[in-house]
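Protein chains: 2
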Amino acid sequence: MSDTGYKRLTRGRARAERIASRTAKVQPNPAPPGPAGGQYQPLTDADVQKIVATAFHILATIGMGDVPAVLAEKATQCGATLTPEGRLLYPQSMVEDIIDGAAKSFMFYGRDSKHDIEVGGDRVYYGTGGAAVRTQDLDTGDYRESTLQDLYDFTRLADTRTNISWFTRCCIATDIHDIHDLDINTAYTLAAGTTKPVGTAFTLGSSVDPIIDMFDRVLGSTGKFAEKPFCKAHISPVISPLKYGDDAVEVTTACIKRRVPINAIIAAQSGATAPATLAGMLAQTTAETLAALIMVNVFERGYPMIFSNWPLVIDLRTGSFAGGSGEIALLNAGAAQISNWLGLPSGVASSMSDAKAVDAQMGAEKALTAVTTGLAGANMVYESSGMTASLLGASFEAFVIDNEMLSHAYRMIRGIEVNDETLAFDAIEQAVNGEGHFLGSMHTMDAMQRDHFYPELANRDDPRTWSDNGSVAIHQTANKIARDILTNHKPHYIDDVADAAIRQHYNILLPRQH
Amino acid sequence: MSDTGYKRLTRGRARAERIASRTAKVQPNPAPPGPAGGQYQPLTDADVQKIVATAFHILATIGMGDVPAVLAEKATQCGATLTPEGRLLYPQSMVEDIIDGAAKSFMFYGRDSKHDIEVGGDRVYYGTGGAAVRTQDLDTGDYRESTLQDLYDFTRLADTRTNISWFTRCCIATDIHDIHDLDINTAYTLAAGTTKPVGTAFTLGSSVDPIIDMFDRVLGSTGKFAEKPFCKAHISPVISPLKYGDDAVEVTTACIKRRVPINAIIAAQSGATAPATLAGMLAQTTAETLAALIMVNVFERGYPMIFSNWPLVIDLRTGSFAGGSGEIALLNAGAAQISNWLGLPSGVASSMSDAKAVDAQMGAEKALTAVTTGLAGANMVYESSGMTASLLGASFEAFVIDNEMLSHAYRMIRGIEVNDETLAFDAIEQAVNGEGHFLGSMHTMDAMQRDHFYPELANRDDPRTWSDNGSVAIHQTANKIARDILTNHKPHYIDDVADAAIRQHYNILLPRQH
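Those sequence lines, one after another, are chains A and B.
In this text, residue positions in the first sequence follow my numbering: the first is 66, and each later residue adds one.
In this text, residue positions in the second sequence follow my numbering: the first is 66, and each later residue adds one.
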């Protein structure tokens, strides 16, 4: 599989390349995004039901605190009750009714329709997330503060990588100090750097309207964004344990008004803001994600929302968040299984290494969490590329390496097709009675590119060749590839007229490219 | 679900250990070897049955070539037929009968009984395998030829690592040129360096008797080995596709005579000696592993044999073996599922990275294959520590890192216990109505060490601390740990009397330690 995404510079050129690749021998991708997951089930069905029953019980008897007045009003109309202490209790029948009416899948659009993805069912897609305040410098290997330029660089890197199905901003431009400017410029940079579906957080509810207005300008006219929303909002509507966040409702209603799909993230931390037992963690976070689902659905039943139950873990020796472990893989795989069992579009977090160096620790932590959450059938696996240092850091090298690792994950999720052709009885008989091997046979040639993924970064040389070629480690290979892409792929997917208009109305801090 | 299976030796001993761990302040291991796997099922049950049916069909109609005369005689007595072309056909009823009578589990003994493991059922253990001709030097990082000293060093390293449940020699002492001397000295070094269960290949059938005689001397008297065999034989009885190897029967009968458990390994290569389609690969290799099972069981029904179906993959671009990929993880997980479905003690291969550098490629390839084959329930996961360079190399640094990675794998396989205590409803209610968090609560403290694994090598510092401490990558940490162990742990688990006698009778090339 040759990843030619980074050559996609202009439409004319892309078309020419498409034609060329059709006439030439097209390499099929044996491990495309979107395969059906669920082969790995960390929980038995009975245990899923026990956890969900506990979540229902939590919502019915402990309920949610710090309830915004407008939500209390809407929710009590739907069957919730408000206790004298101000906690909102959701009876099980109400929660089940909300789940019944909730969006089970929705189309998440790219600005280029080839990037559209349908979220839900058993389809698995990897993409990014994160809010790294530090970026690993490509020159020094050290971490420094993340900038708007870094965000643009990560965005265009994502634009070229096959396995990043959407790009949620992975770092925070810490060189922008005004919060409104930060929201605007983050959104602008995403639109400039990729035509894939994107995502961002709206720090302020008041940022939603101006940003969607800007996106309408990018698309050419007012109301265009609402037709095919290409950006989703990451909101964190719950403060664990079991309280609503202050501005959750404000951002939610602003998003609904402008048709921005909502990614409602519960990011409780095991042992700190949720139980340290895995089952208890999942019971509470399932309850909290349901509380988010209720909040969205009482405003608009069936509104597109990703049920993002991201159970996080702290290292109880230090109290610091730690993202790369068997526990976090288990928890997020379990969360995916529970969300899918409820029939809701599931989002989880993976590939959150604690390593700073792009080393064997990083490779192992990312692979074990990414592969298992994908096999568990998570519809959207967040944080899956480039995140390092327990989500504090982002790395271009890691980004490039992760993309290739995800091909192995996709290959695994695709699974093993079993039919007469693949069972190969005839091919085996032929080999035994003929050449005595399978090399070069038609059956082998057909399977070679259809069924096998061939990595480009991973080194498969023998030790001597590897040594003769300079004993290169994969982060060095990735460093070169990242540099090549950043040197050659400088998209600006906002046309001149729109760009000029946007710059007139907004304080855009990213220089126009070219 | 707490699987304490690895302690399940005798009832009295288990009780004594429980009491001991209550009185001492033992840190419990939250991720011990031997958990129950099977949560990941790459194949549907229907697909498993199709693959097995094809394997039966292959054995009944294509059969096995190059049949040793003694095997042909025994097998035809059991219902097999020999074609005019000399191929041995096994009717399905005969194969099913062999499976019925085969050993379903057996005890694999350590010389120290705390290392005993029961192979079979749904218990998962990781251990080593491999025959690396090159070793990564701890000083230079480069690969050089493996020596007997390297083998001793790997053996004593394994002796200290919790997650290596047995040690099959992982490298070949290329400084020994005589094959008989190689067999003898390999076996001697294993016995000198560890009291864990061990494994080796007998290059010559004629090596079996002298080696078991030597082991008897190690144990103190003739016939001791046969009482609790602590070494298994790795044999490769099949030359793919579908032929018996020359000396397979000779080594097999020699092993049976001396009660050496047999690890019968099928290591066909997808696209070269087996179909390039995954289902076809599994059909053929299942047939071939069954052919090995038949070979062993016609000599002694129910003889302890590990059903080691290790489907390997070549990179069809170059024809070279490649061990780190989604395909190989899928195939070996599928092989484990099929072997377990047949009820046989399953062996697979994983953690076979193609990387030479101990880098992010290595970490990812090892983790994704190790975790998924374990979750698929393989009883014995081979090659799981230290192997590099597509099995051509072995690395002390990788060995140490892999051991820690396997704790994450074991933690995942252990799974999520769901009961009233772990569902934590009371703890949640208490946190919400009390402190507003879970830090320091009894519920949290109990879960902390019982349910969470805390890595020693993996770096979880923030980027600044990491940088202040020298920006260390995990292979550097592992290098130090490996050096420390090799400096301080110099066991010689053969007493002076036995050692002197052995040295009198055999050409022992490893210096006596101390």
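Hints were generated in silico from the structure; no laboratory data involved.
Keep in mind that a hint or two might mislead.
Pairs involving identical chains hold if they fit within one copy or between any two copies, as the list cannot separate such chains.
What the hints assert, rightly or not - Quick list of in silico lysine to any residue cross-link-like pairs, SDA-like style, CA-CA up to 20 Å:
no. : residue 1 : residue 2
1   : LYS308    : GLY499
2   : LYS555    : ARG226
3   : LYS293    : ASP491
4   : LYS322    : PHE171
5   : LYS169    : LEU154
6   : LYS545    : LEU284
7   : LYS555    : LEU147
8   : LYS545    : ALA563
9   : LYS115    : ASN484
10  : LYS545    : ASP561
11  : LYS179    : ASN498
12  : LYS308    : LEU504
13  : LYS308    : GLN495
14  : LYS322    : LEU284
15  : LYS555    : LEU203
16  : LYS308    : GLU494
Looking back at the numbered hints, which does the structure fail to meet, lowest number first? 3, 5, 6, 7, 8, 10, 11
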